[in-house]
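Q: The primary structure of each chain is shown beneath.
2 protein chains.
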Amino acid sequence: MESGDGALSATSLDESITSFFTSAPPLKESDNLRERVMEFVELNSTIAAAGDGGHRKVVCVTSGGTTVPLEQRCVRYIDNFSSGHRGATSAEYFVKAGYAVVFLHRRGTIMPYTRSLPEDPLLECLELDGDSSIRGLIEFLSLITHTSPHLPQAVAGNLLLKLPFTTIFEYLQMLQIIAKAMKPLGPLAMFYLAAAVSDFYVPWQTMAEHKIQSASGPLDMRLVQVPKMLAILRKEWAPLAFCISFKLETDSKILLEKADMALRKYKMHMVIANELLTRKEEVTVVTVDGKIPVYRDKSQPDSDVEQPLTELIRNKHSTYIKNTNR
Amino acid sequence: MESGDGALSATSLDESITSFFTSAPPLKESDNLRERVMEFVELNSTIAAAGDGGHRKVVCVTSGGTTVPLEQRCVRYIDNFSSGHRGATSAEYFVKAGYAVVFLHRRGTIMPYTRSLPEDPLLECLELDGDSSIRGLIEFLSLITHTSPHLPQAVAGNLLLKLPFTTIFEYLQMLQIIAKAMKPLGPLAMFYLAAAVSDFYVPWQTMAEHKIQSASGPLDMRLVQVPKMLAILRKEWAPLAFCISFKLETDSKILLEKADMALRKYKMHMVIANELLTRKEEVTVVTVDGKIPVYRDKSQPDSDVEQPLTELIRNKHSTYIKNTNR
Chain A
1 MESGDGALSA TSLDESITSF FTSAPPLKES DNLRERVMEF VELNSTIAAA
51 GDGGHRKVVC VTSGGTTVPL EQRCVRYIDN FSSGHRGATS AEYFVKAGYA
101 VVFLHRRGTI MPYTRSLPED PLLECLELDG DSSIRGLIEF LSLITHTSPH
151 LPQAVAGNLL LKLPFTTIFE YLQMLQIIAK AMKPLGPLAM FYLAAAVSDF
201 YVPWQTMAEH KIQSASGPLD MRLVQVPKML AILRKEWAPL AFCISFKLET
251 DSKILLEKAD MALRKYKMHM VIANELLTRK EEVTVVTVDG KIPVYRDKSQ
301 PDSDVEQPLT ELIRNKHSTY IKNTNR
Chain B
1 MESGDGALSA TSLDESITSF FTSAPPLKES DNLRERVMEF VELNSTIAAA
51 GDGGHRKVVC VTSGGTTVPL EQRCVRYIDN FSSGHRGATS AEYFVKAGYA
101 VVFLHRRGTI MPYTRSLPED PLLECLELDG DSSIRGLIEF LSLITHTSPH
151 LPQAVAGNLL LKLPFTTIFE YLQMLQIIAK AMKPLGPLAM FYLAAAVSDF
201 YVPWQTMAEH KIQSASGPLD MRLVQVPKML AILRKEWAPL AFCISFKLET
251 DSKILLEKAD MALRKYKMHM VIANELLTRK EEVTVVTVDG KIPVYRDKSQ
301 PDSDVEQPLT ELIRNKHSTY IKNTNR
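Protein chains in written order, with full-length UniProt numbering: chain A, 1 to 326; chain B, 1 to 326.
The hints are all genuine.
Each computed DSSO-like pair below joins lysine-lysine, with the alpha-carbon atoms no more than 27 Å apart:
{"no.": "1", "chain 1": "B", "residue 1": "K280", "chain 2": "A", "residue 2": "K28"}
{"no.": "2", "chain 1": "A", "residue 1": "K298", "chain 2": "A", "residue 2": "K96"}
{"no.": "3", "chain 1": "A", "residue 1": "K291", "chain 2": "A", "residue 2": "K96"}
{"no.": "4", "chain 1": "B", "residue 1": "K28", "chain 2": "A", "residue 2": "K280"}
{"no.": "5", "chain 1": "B", "residue 1": "K228", "chain 2": "B", "residue 2": "K291"}
{"no.": "6", "chain 1": "A", "residue 1": "K96", "chain 2": "A", "residue 2": "K316"}
Calculated from the structure, these hints are not laboratory results.
Hey, can you work out the whole structure from these sequences and the hints?
A: Printed below as a string of structure tokens:
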């Protein structure tokens with residue numbers, strides 16, 4: 001039953017969530033995943049850190065787009081465009097700021113610490129002749145370690161757990177496992193949900209088993225809405241975690257209104273509103289206390305909007321931890 | 001007007017092709033692309049080669065899947081799964097056999113000569129500590145140049161032209177430009193169409209400009225068929241070229257029948273029939289003279305089905321050149 005603003009009642013939301021998970025193909029190696037995340041959370045939560053209750057904070061950064069299979073033996077699928085740049089860049093800043101990062105990312109998208117590399121770095125290097133190609137590559141490697149001084153810290157310090165997904169089914173099942181494993185952290189846990197999650201899906205059971213045949217005229221498809229998991233993440237999976245979601249639109253006219261609606265409907269602590277064309281220059285942080293525009297520092301050629309954004313978030317998260325523990 | 005077997009009459013095929021191209025967003029830098037391809041073809045066609053009419057043969061290998069945008073400012077799209085492994089591997093064998101290769105590939109899929117690398121080679125290497133990471137990488141590079149002795153030949157000899165696409169609109173416009181540039185080669189030209197091309201698309205003009213909103217219930221979509229360009233490739237773009245298309249199905253029961261239908265309907269010289277689950281072990285080459293199964297050499301651990309397949313094709317292409325020039 002839909003209420004006036006399109007929100008589902010609690011019962012029917014529960015029903016649509018149950019129906020999504022029961023119809024999803026079971027996640028492979030889910031026990032193994034659960035153990036790895038719990039170990040990562042436990043290891044980091046026992047490490048003392050300055051401020052914020054004396055322990056290390058853990059953030060789950062989601063990144064890249066989810067796919068929706070259109071056939072069970074998947075040949076065709078609907079994809080959401082997302083390079084993963086926002087998530088990868090933010091993950092680096094969170095590590096730098098002392099967070100342990102669970103990086104739940106679309107397989108093949110941009111990864112932390114290698115985002116400045118060309119698309120096909122090895123082939124590019126190999127296209128020079130023998131000797132100079134290897135020299136070029138070594139210079140290149142020095143450049144990375146120079147420009148990413150926090151890479152050794154992240155690797156040696158066990159501060160980055162990389163977990164890949166492809167489909168919407170994998171993504172939401174993995175998010176649930178991660179969230180439940182992070183629940184014991186209370187307010188020290190944070191969710192930074194930058195992944196581009198599909199709004200519509202084809203329930204697994206109603207899906208064509210074999211490749212859809214093209215001989216018989218136009219193709220009509222009916223996709224159903226993916227239930228909004230943000231509500232259940234806040235309510236059940238990790239109720240004390242600090243939650244940040246993203247709203248991307250191509251139409252600036254409806255962007256802030258939709259971000260505001262998401263904030264209230266899913267009880268997010270922040271919604272980051274961004275428009276497709278300007279998303280690398282500015283975003284608007286929407287909170288119940290108001291809207292804060294965040295800009296890239298245009299006086300610096302290599303600057304990005306993620307630096308001031310993650311700094312703002314870290315401060316708000318610290319305040320939240322203090323207020324919650326009070 | 002449809003005939004009994006689902007084939008379109010010539011007039012309505014022409015109409016659907018015209019309608020596809022006029023509704024497509026214009027290809028960026030198409031003049032530049034045309035020049036590059038013509039230069040590549042010209043350069044290679046003037047080079048003498050043993051046998052086959054005394055000149056170098058040129059093959060256009062297509063690889064990876066095309067996308068179908070669902071919105072003009074593209075956030076969502078339908079994608080066809082294809083790693084690009086078949087195309088990249090075959091391109092290497094064609095270079096080795098003396099062909100110049102135009103490699104029309106989906107951006108981000110597997111490339112010739114780097115297919116044996118791990119997904120994220122640089123990050124994997126960087127995750128070792130300082131010194132040994134660089135040593136590891138150099139060993140890795142030596143390994144590639146050792147296992148791919150034809151890489152320097154391909155690079156130095158200008159035998160590989162790499163052209164990336166993403167959408168179905170880009171792919172078909174690029175294929176048309178390439179085919180027309182290769183037309184003067186007559187029977188020395190070959191098309192090896194291994195790309196997974198979308199069967200359905202949303203015409204650009206009827207497409208939503210902005211992101212489709214999810215608030216208003218299920219999403220109903222109507223997609224129309226992509227016109228079969230194989231027919232016009234054979235008839236107009238490059239009538240004398242040797243043409244090989246691929247047929248992938250998940251259902252083995254209908255595979256050979258569909259491959260046979262494609263052979264006759266589009267006047268291909270060969271259709272390579274492959275099934276999703278066994279495609280790396282065996283394929284069936286369908287010709288008007290019969291069906292030839294091709295298997296990977298299972299006695300060799302690193303063997304692939306592309307080696308015997310491309311060898312068979314090279315022989316058939318040579319015979320075709322002789323018969324055409326006779």
